[in-house]
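Add chain X to chain Y, keeping to what the hints say.
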Amino acid sequence: MTGLAPIDGLAVLAILAKALDYGAALMAMGGVLFVAFFAGRADASVLRLARRLAIAAALIGLAVLALRFGIRAARISGMGFEGATDPMMLGFVWESPLGTAAIWRGLGWVAILAILIPRVGQWIALAGSLAVAVSFAQVGHTLGAPRAALAILLVLHLLAAAFWVGALAPLRRAALSPDGAGVLHHFGTVAAFAVAILILAGTALAYLLSGSLAALFGTAYGLGLLLKVAIVAALLGLAALNKVRFVPALRAEKPGAERTLRRSISWEMLAVVLNLLATATITSVTTPPVNL
Amino acid sequence: MIRKTLLGLVVAMTPILSAAHSKSEATTPGDGATVSEVPELSMRFDDPMRIISVTLTAGGADIAIERETGMEPAEEFRAMPSEALAPGDYLFEWRGMASDGHPMQGSFSFTVTE
Chain Y
62 MTGLAPIDGL AVLAILAKAL DYGAALMAMG GVLFVAFFAG RADASVLRLA
112 RRLAIAAALI GLAVLALRFG IRAARISGMG FEGATDPMML GFVWESPLGT
162 AAIWRGLGWV AILAILIPRV GQWIALAGSL AVAVSFAQVG HTLGAPRAAL
212 AILLVLHLLA AAFWVGALAP LRRAALSPDG AGVLHHFGTV AAFAVAILIL
262 AGTALAYLLS GSLAALFGTA YGLGLLLKVA IVAALLGLAA LNKVRFVPAL
312 RAEKPGAERT LRRSISWEML AVVLNLLATA TITSVTTPPV NL
Chain X
720 MIRKTLLGLV VAMTPILSAA HSKSEATTPG DGATVSEVPE LSMRFDDPMR
770 IISVTLTAGG ADIAIERETG MEPAEEFRAM PSEALAPGDY LFEWRGMASD
820 GHPMQGSFSF TVTE
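For the protein sequence lines, the chains are Y and X, in the order given.
Under my numbering, the first residue of the first sequence carries the number 62, and numbering increases by one thereafter.
Under my numbering, the first residue of the second sequence carries the number 720, and numbering increases by one thereafter.
Hints listed in this document are in silico derivations from the structure and should not be mistaken for laboratory results.
Please note that the accuracy of each hint is not assured.
[What the hints assert, rightly or not] Now the in silico label distances, taken between C-beta atoms and shown as ranges: (1) X:818 <-> Y:246: 46 to 52 angstroms; (2) X:806 <-> Y:207: 47 to 53 angstroms; (3) Y:247 <-> X:791: 37 to 43 angstroms; (4) Y:184 <-> X:812: 48 to 54 angstroms; (5) Y:155 <-> X:802: 36 to 42 angstroms.
[Stated by the list, open to error] Pulled from the structure, derived: some chain Y residues nowhere near chain X, Cβ distances all over 12 angstroms: (6) 75; (7) 127; (8) 144; (9) 178; (10) 240; (11) 266; (12) 312; (13) 315; (14) 321; (15) 324.
[Said to hold, decoys possible] If you want a taste of the chain X side facing chain Y, the calculated C-beta under 7 angstroms gives, among others: (16) 750; (17) 771; (18) 814; (19) 816; (20) 820; (21) 822; (22) 826.
Glycine is no exception: its CB is placed at the ideal position from the N, C-alpha and C atoms.
With the rest of the complex left out, here is chain X:
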């Protein structure tokens, strides 16, 4: 059973779904929230995080956002949608590096209503 688990982890090159990294942060909009407008997208971390790539998608299509926070390590990340978000379901995904060098990634989703 032990060896099977290990092989499963290492050999099967398929992604294993899991809960997001728990050192996750408070976000705006909140994860799973339903909101009427999105003036900004932000995340807070308890340790400086270098956010390298961010994407906002709706149904798989990329939505343009403008970063206010650069690629320097920061405890708060902020970005704005380039245009007001149309009603729909959105997914925000990010990748980066924690201050100890660990690669990090995370995501949150929200819904915009009329």
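So here's chain Y without its partners, still in its complex pose:
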């Protein structure tokens, strides 16, 4: 397979930690965005859940950041797990783009915790979400050319994905609340724009990093990307089903509608987890065709 690095135990660990990092980032940013967009509309219990998830995700994110530093140090050291605490190896990681990204991400995680503070805290948390999104543009192949385009596209892609993913758990709760159908309907309208941004930015990134359609089929990166597209397609199918069938059923107060909708959202969550694992695998052990 072209452009696939050897995968050892440490690489598998790195992939799992990265997927967890991605998940925490999307949950935290998405929780903050949900509170910002639905402050006046959603039930207090739903907003509380969104805030709690953002805080839990930010705390997990901080822990995973430290963990990923150790894993990266171990991987470059050639010493196995012992390298994870080696000051010289940690120094090399700190000097690499991962160090810059860690500063942005760490500040972002802390700023997101400010969502606990009433009013002004929401703005600090929004700035924190942006910092977390920007941190992802400080590492990896988005550092290539055209740098500005790649960075902006990645930040847009992440914020749109976060808006969607971070809303899933609060929406699942909203299905049970008295005015939940209204919130779900409103989400469906806003999410249509978010999904459009997500797909356009994702496609543009894939185009810039792949270079050609043929490259998708002959490389590990391309096959990983196609797998990701397949998962996203299933996710979109579920989202469309929710929008045109299950949410209207809930609004019409059809019996069993909330159960069906909540189950459908659970399936979406599973698809998101698979997608994050696929993405972490692609970004850890494959090389984009333009870099081959």
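Relative to chain Y, chain X alone:
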């Protein structure tokens, strides 16, 4: 099939063999070459690479080498065998970090004849 592939990648903690990273470099001796003597071991990269660990082995036994290139990122890495290499099959392996922060690793092998 898709899920199976994904699970295979993530769950099975066994190494999956694959071709070396293609951004690999020209080496001395060349990969797979048969040579009569090895005055130096070197690798060239098209982007500065921080080479952190290097090992030279023959049949699993470590062979002493002296690094000329330190751990600073460099486009050319050089090391010398501490003593003239005896005839046999050798494997040179390295690990390090690319300038974008990616962990990198690679290897090349060669044969020394009388």
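(message) Are any of the numbered hints broken by this structure? If so, which, sorted upward?
(response) Per hint list: 3, 6, 8, 16, 22 violated.
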